[in-house]
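Visitor: Here's the letter readout for the chains.
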Amino acid sequence: MAYRDSPAARQRAPGPESPGCYARIVSFSHSFFAQRFGLTEHDLESYLSEALSSGGEYADLYFEYLANTSLSMDEGIVKSASEGVTLGVGVRVISGERTGYAYSDDLSPEKIRKAARVAARIAKGPASVFKAGFEEAHKHNLYPMIHTPHEAGLAERVELVKRADAAARAYDSRIFQVQAVYADNVRHVLVATSDGRLSYDRQPMARMGVTALARDDGGTPQHGHSGGGGRVTLDFFLNEKTPEYFAREAARQAIVQLSAAEAPAGEMTVVLGPGWPGILLHEAVGHGLEADFNRKGVSAFSGRVGEKVASPLCTVIDDGTIGSWGGGSRRGSLNVDDEGTPTRQNVLIEKGVLRGYLQDELSARLMKSASTGSGRRESYQHIPMPRMTNTYMLAGESDPEEIIRSVPKGIYCATFGGGQVDITSGNFVFSATESYLIEDGKLTRPVRGASLIGNGPEALKYVSMVGHDLHLDEGIGICGKEGQHVPVGVGIPTVKIDRMTVGGTAA
Amino acid sequence: MSQLEEIAASAVRRALDLGASGAECTISEGEEFTAQVRMRQIENLKQAGGRGAGIRVLIGRRTGSSYTSDLSQEGIGNMVRAALDAAKITTEDPHAGLPDASDLGRVESDLQLYDEAIARMETDWKISEALRAEQAALGADPRIQNSEGASFDSHLGARVFANSLGFTGSYRTSSCALSVAPVAKSNGSMERDYWQSAARKANEIETPEQVGLHAAQRALRRLNPRKVPTQKAPVIFEPRTARQLLGELFDAVNGGAIYRHASFLAGKLGEKIASDCLTIVDDATLPGLFGSSPFDDEGVAGRRTVVVERGVLKSYLLNAYCARKLGLSTTGNASRGLSGSAGVGPNNFFIESGEAGEASLIRDLKQGLYVTELIGAAANTVTGDYSSGAVGLWIENGELAYPVSEITVAGNLKQMLLDIEKIASNLEFRHSIESPSILIGEMTISGF
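Respectively, the protein sequence lines represent chains A and B. The opening position of the first sequence corresponds to residue 1 in the numbering used here, with each subsequent residue numbered one higher. The opening position of the second sequence corresponds to residue 1001 in the numbering used here, with each subsequent residue numbered one higher.
Each hint should be verified, as a subset may be incorrect.
Rough simulated footprint, nothing fancy, chain A against chain B, three-plus residues with beta-carbon under 8 Å [stated by the list, open to error]:
hint : stretch
1    : 1049 to 1056
2    : 1062 to 1072
3    : 1228 to 1239
4    : 1329 to 1338
Negatives, chain B to chain A, calculated, CB over 12 Å [stated by the list, open to error]:
hint : residue
5    : S1170
6    : Y1259
7    : S1341
8    : S1405
Label pairs and their calculated CB-CB ranges [unchecked claim]:
hint : chain 1 : residue 1 : chain 2 : residue 2 : range
9    : A       : E439      : B       : G1060     : 55 to 63 Å
10   : A       : T220      : B       : E1122     : 54 to 62 Å
11   : A       : E136      : B       : A1117     : 45 to 53 Å
Hints in this document: simulated from the structure, not taken from any laboratory. The beta-carbon is built from N, C-alpha and C at its ideal position, and this holds for glycine as well.
Start from the sequences, fold in the hints, and give me the full structure.
Guide: Now the structure itself:
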């Protein structure tokens, strides 16, 4: 339940918009797994029948082919370049509240059948009847690019890290160490379910990250980090968010830290800048609204739909359909979730009132609800569960400058590192990496990193102003839950929280 | 030579045939089993196996790497070619290369990393262990009516390594773990905690009743927590949280951070960096433990390294590359998954036990915080700045008085190391990074 990696710069990003574009690109026989591995619909039916051979209400297959590249520049030289491929299929059988799961990294029919029989052991009874025939699920077309970054030559992509290295060093003579990383992948997935749903998707991803160290003569080094990406084209890094852009942001943060003072400690007014500070929503409310925790009654939000859990200024949405970013989509967006259900826009909190949970197939079955397109998994080796996609708060009406002017004494947090939440008590933490003291309505001086802590169902009740400047983050979020990591996005406008505990050292 | 050793050695030969000047190949194979139960019913059963190979090739002083889950001849061939292509776009690095041949080797004694009894465990028995453990938690107290479940996991693995200096080796590992996460509820307060017992040997894990009861006690003592005023006070980290702090310190002695000047301990070798009572060791040779292995992920023999001795920084932890960068010798801490080059990882990295019982650390404090869980810890390895959400118990007049939460603890690791006043005698090896309870004289606690 923690975010890893660092934050993004504040930069205007297109607001959330629904693409409204439902296109079927290729038919099954032309899809990746059919072409490359000769899979037929008949094969899928036979594997699903095997999975249901001991009973059970539902079974599904998840085929995954993942090709990765990563390139890194360190101390001014390209030190490492790596490529790799993993491939496999996961078989799941659901019988009541029970799930059986097995996988194989070998796609031969015997190995898939064997995995299906292992998964089938969860159920005990006569074989279930599998409805033959599939219907291809409708899906969005959020990343319609012809060529993904992964298909570009290594030499072309390695230029990105070289440019980032040069730009960070050129930013200021006090920058003495730079690491730049570029990584991309393309994931082909195929989901077939026993209720006849068939869906396949090609999911591209690319991201850059730059870390810079700065030092005054003989002083303590400080570090800054920036990065971004998404399901974007290579052109995104060449023309929109360039290596120089990320490099300068990382260098700027490191330089700012050189003059940072001790962070304050205690309860105070906190103003969050727009963009990545939306990690607040991910930790404070997002995880607590995942249906598995609520079905089990172990979340601080359990049984509270319809209750007021935030100030009326707060409307929080989880949206897996955000496109219009770099020739593709946001990092957390997906045409279909990892159970083959199209993603959608889900309202979590509307004007302060809790509206609903994020459902996957299993929780929806058990709670007599419908999947919200939130079933996700790290890979074919993992059982899906309800997860977030892109989580953000709608813009309000306040002028961001006016929000800061309204604070006599407090802290302004521009950039964050990670965060974590205790689902049951509702306590969450997120750590600021670039913050400033607010004194008499003005940002006065930078302060060092500090954790902020609050309680999920309470913290957002203290939101007293919401800016009109909603930004989404630049595409660096990785969310961890029960050992599974998936890419996500967050976003928030400038927000004023009247009371929150800041964990600095200046007591 | 086993079949997997033969595949690894053939991948290395293939790389040399195709023009590499050096190569090393790692293969890992694993079988996992998980039984999860919740509210006395089976929830998930998962069982599967998989394997993969990773290769690093050198063309002179250029390095490239690749990995695959396809161990067929064709798959291995594709992997080798991809690594060579990758090497061609990297820069000459004067420090790149395989370890020195003289550092290669293995621990010859039996490290007891594999227990056949784990391979023989029956599925029904594993499920019943999880059910018993959860039942023990649910039955412990009427305030425990709910649970996030219990699980029994087992894992069997094999690790194979070959390089072009003629090293070929492999070893098998096993492990199993039993854990429970009960939820306690009282007067509108709901709290969850957990307990886990894990071991490489079947007969070394705690009984289901011990695990369940311990988890229940931990959840119960968190109920109805208070927030305390912002203040400076002494802080005791129990083993679970002390080992997390030690994990932050590992990042600061990692050779990769040292040569980049990205650690507050860079340039401090031989200096006093901590209180006299602190000795930290990294040891790959302790039998039966999670951090032990006959050789590291570059084929360097496992060994014992004293990192901090009575407060003095004696050694960084290094792989071959970091060692060359710093003009030192590798400490056998190369660690890699299948992708990319080797990084630096812990073997058994631990704080040596002190003499006092944990109870005496608490008894001697008039006021202070006993930390049982850290949430969202943020440590800056470059500066040492540390700040984390905390859950724990407030100490008053030498007693654990009441639970506290929604607070933070903060300080700077440089000062925190010097401020360690006492180390308890309760060191137990449950993970590869371990610590007894430690008392830090003063930290900033932020509350209301």
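Visitor: Which of the listed hints are not met by the structure?
Guide: 4, 6, 7, 8
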